[in-house]
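Trainee: One-letter residues, chain by chain:
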Amino acid sequence: MRVAGALREWLDVRGRSLEYVSFAARRATGLFLAAYLVVHMFDISVLLLGEEAYNSLLAVFHGPLGLAFDVLLVVALSLHGALGACSALLEAGLGVRWRRQLYLAAWLAGIGVAAATIAVILYAW
Amino acid sequence: MTSPRVVVIGGGITGAAVAYDLAQRGMRVTLLERGSIGSGTSGRTHGLLHSGCRYVRDPEVARECYLENMTLRRIAPFLFEKNGGLFVAVTEDDLGYLDEFLEGCGRAGIPVRQLEPREALRLEPELNPGLKAAVAVPDGTFDPLKVIYSFLASARRYGAEARPYSEVTGIVVRGGRAVAVEVHDKVSMRRYTLEADFIVNAAGPWAGRVAALAGVEVPVRPSPGVMVAFEGRLGNMVFNRLNPPSDGDIIIHQRGISVAGTTSWLVDDPDGVEAPRSHVELIVKRAAEMAPRAAELPVRAVYVSSRPLLGAAGGSGRGVSRSFEVYDHEAEGVAGFATVAGGKFTTARLMAEKLGDLVAEKLGVDAPSRTAEEPLTPYWLYF
Amino acid sequence: MDVKWRLIVRRWKEGWDSPRYQEYVVEADPDTSVLDALEKAWLGDRSLVFEHACHHGVCGACGMVINGVERLACITRLGDVAVGGTVVVEPLRGFPVVSDLAVDKSRMFRASAAVSPATLEPARGGGAEGLPGRAAVRPEKLLDCLECGICYSACPIARTMEEYLGPGALALASKTLELTGDWGRVAAALERRGVWSCHAAFECSVRCPAGFDPGGLIMILRGKSLRERGGGR
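Residue numbers (the numbering used here), protein chains in the order written: chain A, 4 to 128; chain B, -4 to 378; chain C, 450 to 682.
Simulated from the structure, these hints should not be mistaken for lab results.
Backbone N, C-alpha and C define an ideal beta-carbon position, used for all residues, glycine too.
Hints should not be assumed to be uniformly reliable.
Claimed, not checked - Covered stretches of chain C, going by a simulated chain B footprint (3 or more residues, C-beta under 8 Å): (1) 457 to 468; (2) 488 to 498; (3) 502 to 508; (4) 546 to 555; (5) 571 to 583; (6) 588 to 602.
Claimed, not checked - Over 12 Å on every C-beta distance to chain C, these chain A residues come out as not near it, computed from the model: (7) Ile47; (8) Leu60; (9) Leu68; (10) Ala71; (11) Asp73; (12) Ala79; (13) Ile114; (14) Gly115.
Here chain A stands alone, though its shape is the one from the complex (with noise of 0.2 Å):
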């Protein structure tokens, strides 16, 4: 399919930038939290099949499977927020002359995010 074949070129960041892995980033964190809201929507739906099955799930998401899911969802969120964040700025025609520190201070700010909250999560677990 075209896609599959333009998506395959996007994601191909040998040798590239930081500012082109930032975009790699930014399109794969977003695939992926788009096909995240979609099997969500699908799973909670469970709930039309009664109690049983709704608590059978829930006992999946509190399983090591759950955990591993929301530490991807939270790496995901924080890096697309951050790189979005900063490209938001850069695609308005702001900041255009510090876009290298940009990037990187967006990076910086992702990934703490999602350290931060995964300290807390696995706190809480």
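Guided by the hints, dock chains B and C onto chain A, whose structure is given.
Mentor: This is chains B and C only, laid out in the frame that chain A set:
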């Protein structure tokens, strides 16, 4: 009656200008270049739009240059950085040439103006603060490939076709007339024959080699010279050393860089010539005499370009006449074949006009050249 | 001091099913440009097709992918890019391959044509009333963009969206608007195939050999369009 078919061999500025001139007169032109467009000598020029003042010892050559300079500015102002140039005297010896220089410019009818050193330094602060005299001249600079493509774009508008990666490996001569070229297409690796009513040799320093394919000789000697490009633009006006033509006597600026040159020697084969280190050192040294900071700038590139010089003999090659010539090979028993050789980038349009006059006469095409009047088509329209 | 280098060049001729990689061994000192090394290889194999003209990084003809990164071959030194004495040379991405290392850049030039670009801008330096050969009192210079196509090769959108005008043409449009204030001239840049299809990967700006910052110029044009034309033209 269908218009005559002409094959032009050589895809540099000369070939491109010839293609334009002939196509504009109504001929069907196919240009064949063995490499990519501009991959020969003219693509490598440092990009000087000559005022002609460098050649004031030959007022005819100088004036011809100046007039073509004005023509190019008129037909394609968008292609040139029209900032003029300065001839600067750095030493007492240089000063000794000043009067002869000014007189020569006068005889050639080239408008120049002498400036106080202080004024020159105000305009161009990178110049040697100890400069002793400065004369402003109507130089300009350009990006060679874009100019070549603009001529080809203009030619294309009149139906001409350019085929790069097409090497002419033979010229078919039948009954004392050149009737076809044998071509090796490097894209498909196929060989084919292309018939023509007339064949033009515009192959620059390779003109001798091409002429030999038809069994004739042209006195073109490849004369390489070294150029050194720096990272950093040293000024806007071209810096020329005020002395008779010599090595390392020019620094030209284009976009964000400056190029210094050049030297001169003779070779037999213009392919595979390397830049002698001593030439590079000389050029940098001479450049720094005009603009001291040249010695501190990082070197962007060092390269060699072979001028097609007319006349032969040994020696350094400098001082050989730099005017051009059109050879009608009918006189040597091969009709339908002509060579246009020598000259420089600035006069290519004129070279093409003179060659075009010959071809038109031979083919009975009653159309004068109008390339000096019509605005040049922008290069992006070639594609 | 001459050293032996392995040049691994991607070859393709009309009629071949797929490209092949051919190795050439070239002797040169580390300061030799990749272009000069290719010419040495070509002296021994005249079927090698590659594009070049000025040999000093101003014409844009010799853009290639060298060890995976877009560069101008004439100002890229063997010593700076070789890995274990090996340099892989491939044609630019995003353009149809004509043969070997030569690509067809028509798409880029047609995109330029669509925005009727300016070619000259004011240069820094002293004015010059009455000097012979000065077109204007203020000096001028050609725009830094060489139209080499490296930005198209670097751009993920140019490589996957055929109608996208591309970083080079859009950057020229941005500059042209800045120089002329003529929105009508650059209208094509504000259509969907123009600045709005840029995904801000900025690889174009990182790889541009002339420091033209096409990505930045695209964003500046976007900003102007938002502020002055409500996002239109």
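Trainee: For each hint, tell me whether it holds in the structure or not.
Mentor: Hints and how they fare:
Only residues whose beta carbon comes within less than 8 Å of a beta carbon in chain B count, and the region 457 to 468 of chain C has 3; three or more means the coverage holds. Counting residues of the region 488 to 498 of chain C whose C-beta sits closer than 8 Å to any C-beta of chain B gives 6, which meets the bar of three, so the coverage hint holds. Beta-carbon proximity to chain B at under 8 Å applies to 7 residues in the region 502 to 508 of chain C; the threshold of 3 is reached and the given coverage holds. Only residues whose beta carbon comes within less than 8 Å of a beta carbon in chain B count, and the region 546 to 555 of chain C has 5; three or more means the coverage holds.
Here the region 571 to 583 of chain C counts 9 residues with a CB under 8 Å from a CB of chain B, which clears the bar of 3, and the coverage holds. Judged by the Cβ-Cβ criterion of 8 Å, the region 588 to 602 of chain C is covered by chain B as claimed, because 8 of its residues qualify and three suffice. Against the 12 Å criterion, Ile47/A stays outside the reach of chain C, whose nearest CB is about 32 Å from its own CB. No Cβ of chain C comes within 12 Å of the Cβ of Leu60/A; the nearest lies about 37 Å off, and the non-interface call holds.
With a least CB separation of 33 Å from chain C, Leu68/A remains clear of the 12 Å interface cut-off, as annotated. Look at Ala71/A: its CB is around 29 Å from the nearest CB on chain C, clear of 12 Å, so calling it non-interface holds up. Distance check for Asp73/A against chain C: the nearest CB is about 29 Å away, which clears 12 Å, and the non-interface claim stands. No Cβ of chain C comes within 12 Å of the Cβ of Ala79/A; the nearest lies about 18 Å off, and the non-interface call holds.
Distance check on Ile114/A: its Cβ is at least 20 Å (rounded) from any Cβ of chain C, clearing the 12 Å threshold; non-interface status holds. No beta-carbon of chain C is positioned within 12 Å of the beta-carbon of Gly115/A; the least distance is around 22 Å.
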